Amino acid sequence: MLAFVIITFVKIAVVLVVFLLLIAYLTWLERKLLGHFQVRLGPMRVGPHGLLQPIADGVKLLFKEDIVPANVHKFIHNLAPLLTFIPALIIVAVIPFGSGIKILGYEINMVISNFNMGILYILAVSSLGVYGLVLAGWSSNNKYSLLGGLRSSAQMISYEVSLGFSLIGVLMMAGSLSLVNIVNAQDKFFNWFIFRQPLGFILYLICAIAELNRAPFDLPEAENELVAGYMTEYSSMKFAMFFLGEYGNMINISALATTLFLGGWHGPFLPPVVWFLLKMVIFLFFYIWIRATLPRFRYDQLMNFGWKVLIPLALLNIFITAVIMIL
Amino acid sequence: MKSQVRNRIERIDANTMILNMGPQHPSTHGVLRLILELDGETVIKATPDIGFLHTGIEKAMENKTYAQVIPLTDRMDYVASLSNNLAYLLSVEKLLDIQVPPKAQFIRVLLTELTRIASHLVWVGTHAHDIGAMSMLLYAFREREKLLDIFELCSGQRMMTSYFRIGGLAQDIPEGFESKVREVLGTFPDRINDYENLLTKNRIWLNRTVGVGKISAEDAIDGGVSGPILRGCGVSWDIRRSNPYSGYEKFEFDIPTGKDGDVYDRYLVRIEEMRQSLRIVGQALDGIPEGDFVARVPGVVLPPKEEVLSNIEALIFQFKLVVEGFSPPVGEVYHSIESPKGELGYYIISDGSNKPCRVRVRPPCFVNLSALPKMIEGGLIADVVAVIGSIDIVLGEIDR
Numbered sequence: 001m002l003a004f005v006i007i008t009f010v011k012i013a014v015v016l017v018v019f020l021l022l023i024a025y026l027t028w029l030e031r032k033l034l035g036h037f038q039v040r041l042g043p044m045r046v047g048p049h050g051l052l053q054p055i056a057d058g059v060k061l062l063f064k065e066d067i068v069p070a071n072v073h074k075f076i077h078n079l080a081p082l083l084t085f086i087p088a089l090i091i092v093a094v095i096p097f098g099s100g101i102k103i104l105g106y107e108i109n110m111v112i113s114n115f116n117m118g119i120l121y122i123l124a125v126s127s128l129g130v131y132g133l134v135l136a137g138w139s140s141n142n143k144y145s146l147l148g149g150l151r152s153s154a155q156m157i158s159y160e161v162s163l164g165f166s167l168i169g170v171l172m173m174a175g176s177l178s179l180v181n182i183v184n185a186q187d188k189f190f191n192w193f194i195f196r197q198p199l200g201f202i203l204y205l206i207c208a209i210a211e212l213n214r215a216p217f218d219l220p221e222a223e224n225e226l227v228a229g230y231m232t233e234y235s236s237m238k239f240a241m242f243f244l245g246e247y248g249n250m251i252n253i254s255a256l257a258t259t260l261f262l263g264g265w266h267g268p269f270l271p272p273v274v275w276f277l278l279k280m281v282i283f284l285f286f287y288i289w290i291r292a293t294l295p296r297f298r299y300d301q302l303m304n305f306g307w308k309v310l311i312p313l314a315l316l317n318i319f320i321t322a323v324i325m326i327l
Numbered sequence: 001m002k003s004q005v006r007n008r009i010e011r012i013d014a015n016t017m018i019l020n021m022g023p024q025h026p027s028t029h030g031v032l033r034l035i036l037e038l039d040g041e042t043v044i045k046a047t048p049d050i051g052f053l054h055t056g057i058e059k060a061m062e063n064k065t066y067a068q069v070i071p072l073t074d075r076m077d078y079v080a081s082l083s084n085n086l087a088y089l090l091s092v093e094k095l096l097d098i099q100v101p102p103k104a105q106f107i108r109v110l111l112t113e114l115t116r117i118a119s120h121l122v123w124v125g126t127h128a129h130d131i132g133a134m135s136m137l138l139y140a141f142r143e144r145e146k147l148l149d150i151f152e153l154c155s156g157q158r159m160m161t162s163y164f165r166i167g168g169l170a171q172d173i174p175e176g177f178e179s180k181v182r183e184v185l186g187t188f189p190d191r192i193n194d195y196e197n198l199l200t201k202n203r204i205w206l207n208r209t210v211g212v213g214k215i216s217a218e219d220a221i222d223g224g225v226s227g228p229i230l231r232g233c234g235v236s237w238d239i240r241r242s243n244p245y246s247g248y249e250k251f252e253f254d255i256p257t258g259k260d261g262d263v264y265d266r267y268l269v270r271i272e273e274m275r276q277s278l279r280i281v282g283q284a285l286d287g288i289p290e291g292d293f294v295a296r297v298p299g300v301v302l303p304p305k306e307e308v309l310s311n312i313e314a315l316i317f318q319f320k321l322v323v324e325g326f327s328p329p330v331g332e333v334y335h336s337i338e339s340p341k342g343e344l345g346y347y348i349i350s351d352g353s354n355k356p357c358r359v360r361v362r363p364p365c366f367v368n369l370s371a372l373p374k375m376i377e378g379g380l381i382a383d384v385v386a387v388i389g390s391i392d393i394v395l396g397e398i399d400r
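Line order of the protein sequences matches chains A and B. The opening residue of the first sequence carries number 1 in my numbering; numbering runs sequentially from there. The opening residue of the second sequence carries number 1 in my numbering; numbering runs sequentially from there.
Be aware that a few hints might be false.
Claimed, not checked - With a Cα cut of at most 25 Å, we get these calculated DSS-like pairs of lysine-lysine: (1) K45(B) <-> K214(B); (2) K103(B) <-> K259(B); (3) K143(A) <-> K45(B); (4) K201(B) <-> K308(A); (5) K143(A) <-> K374(B); (6) K11(A) <-> K102(A); (7) K64(B) <-> K305(B).
To be verified - Computed beta-carbon distance windows for the label pairs: (8) L185(B) <-> V68(A): 52 to 58 Å; (9) M44(A) <-> L185(B): 29 to 35 Å; (10) V210(B) <-> L79(A): 41 to 47 Å; (11) K64(A) <-> V210(B): 40 to 46 Å; (12) G40(B) <-> A13(A): 44 to 50 Å; (13) E183(B) <-> V14(A): 53 to 59 Å; (14) R40(A) <-> K305(B): 18 to 24 Å; (15) F190(A) <-> D260(B): 48 to 54 Å; (16) V210(B) <-> V14(A): 47 to 53 Å; (17) V68(A) <-> G56(B): 37 to 43 Å; (18) I349(B) <-> H73(A): 58 to 64 Å; (19) K64(A) <-> D260(B): 45 to 51 Å.
Said to hold, decoys possible - Residues of chain A placed beyond 12 Å of chain B at every Cβ, according to the derived structure: (20) I55; (21) M237; (22) F239; (23) F269; (24) P272.
Hints are computed from structural coordinates only; laboratory data are not their basis. All values derive from a computational prediction rather than experimental measurement. Glycine is no exception: its CB is placed at the ideal position from the N, C-alpha and C atoms.
One chain only, chain A, in its complex shape:
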């Protein structure tokens, strides 16, 4: 029992540190990649190729003055960044990033909690994130923030529906809600759900971008229309919390995509964790690439697309999967 507690705490500590580092270096990766996409270099000054830039950014944000505008609802204004950041942090708990290993005779699973309702938990926790955005928009006492908050609530709620539907095909084929079992169902290359659920995969990719509020669905914070949307009035570490939450969600969504569609940690030669990270980086790269390329949707077009295109397609996908499974 004591061993279990210690192992769990060590796992939590390691995963947390790695996760926060990943977030920090994801910002570096994004700036670097965007730089190269846009024929410039990106950060170059802090450390070799700007490698220490995320740390410098973090220090800067910590020391910045925390400006709270007049007439904001103080409690909610402070609560909102936490509500965005914490769900991003606790989703990691159920994501398996490797097969079990043995150290000193103890069997260690490469997942903090092998929870048999993993996906349900992820969907539930990730939908909490929207509260952060809505409350931030509402409590800031700023019209741009309010519009940003309204947009984000509408957008995230509608795309959550299709995101959920797009996963059902996988769940039906794997026959389990546990992420470890889903990965185990994809042990061979052609068993990966990307091949067995191509439509589901594409739908998931699109909905995931919308869930993340990233380009081309970055309406809640469209800087050209709403200045910075719901986070216009935030500064210092509270502002950084939104960013951490957003990039944390990006990693979560990529990790989930890897787990559900790309066979998780499975792969030859390299250790499982490395495979897992590699596959995840492919998704992250894809999201950054899209951001550098595409213009932004308009609000009404986004809603139309979500309700009139994605949801029917997701339902169709479930139907087709069901028919094939019965036959």
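Got chain A sorted already, so can you dock chain B onto it with the hints?
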């Protein structure tokens, strides 16, 4: 009074929200302020409010000699400064009745067409960025850099060039000019194709621009709208063709037009204009005639430096010109050109002194901006930024 009160009562409506967009806003291209009345995200009413960048340039011109006004013109439409120089100089030359030598005319045409491309590049970059295609901004500025290098080579300045002078140019084109322009001519067509690959058939771009910010040809003409916006409505009106100046009648080029007068048509028109400008640049570069780069008009144009150093009369002319300028005959002139944004005209009143009595600029951006409410009312906030981008305003020119 009563009607004012009624207006107020009508405006206090629980369903609408007044959003003050600008003057500090990333997409108002400077310090434009828009007072938007919103129902949700739909714009019910839009009122542009200008004047935040008022510099008093027109007034300042009254206190400068005719030659000293040239650098002020740069600072109005600062992304197309050579077009401003040209419009002012053509008016002054009309007042003085000076014939500009053909070589200077060709170089003026060449450089103003490059200016048009540079201005359209700023437009395509910022417009695409407003709609969310962030990389376009940097691609467009990469190309613009090459053009600014050419301006710098000629005048020593990248943006505030003041390269054109009364009667011609400040100095002859420098060595290496031709090869630099040829380089642009060689690489730029591919780059335009690249932009089109990114945007023209992009589904999201089409969704965001087709049918957005429409204005009919009648409304546009009634409002005095000119330039690519008018041509986007299908009216083939271009001063380079209708009232040729500076020898434009010698060049072959097409005037692209749209049909619907929406944001997308303006986009297509401007992209095609860049290609046509390149054609003109090519023809101008091939055809630069031999001759002097400035009309030798004693008392108006500075004498050549060698003469100043060797000839006492020339020295006196130079001294008098620099110290007190020249005094054109009493009269009023108006001359307009097709600037990248539309009809740019200078109306100059001379009272016979060495300074203009009044200079009034007919800025295309100001007039085009006045059509903005018509284009955005009924649209969404996201359309507002798309439409502002498509009008291509420069606040320096609007407020003057």
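Hints violated by the structure (numbers, ascending): 2, 14
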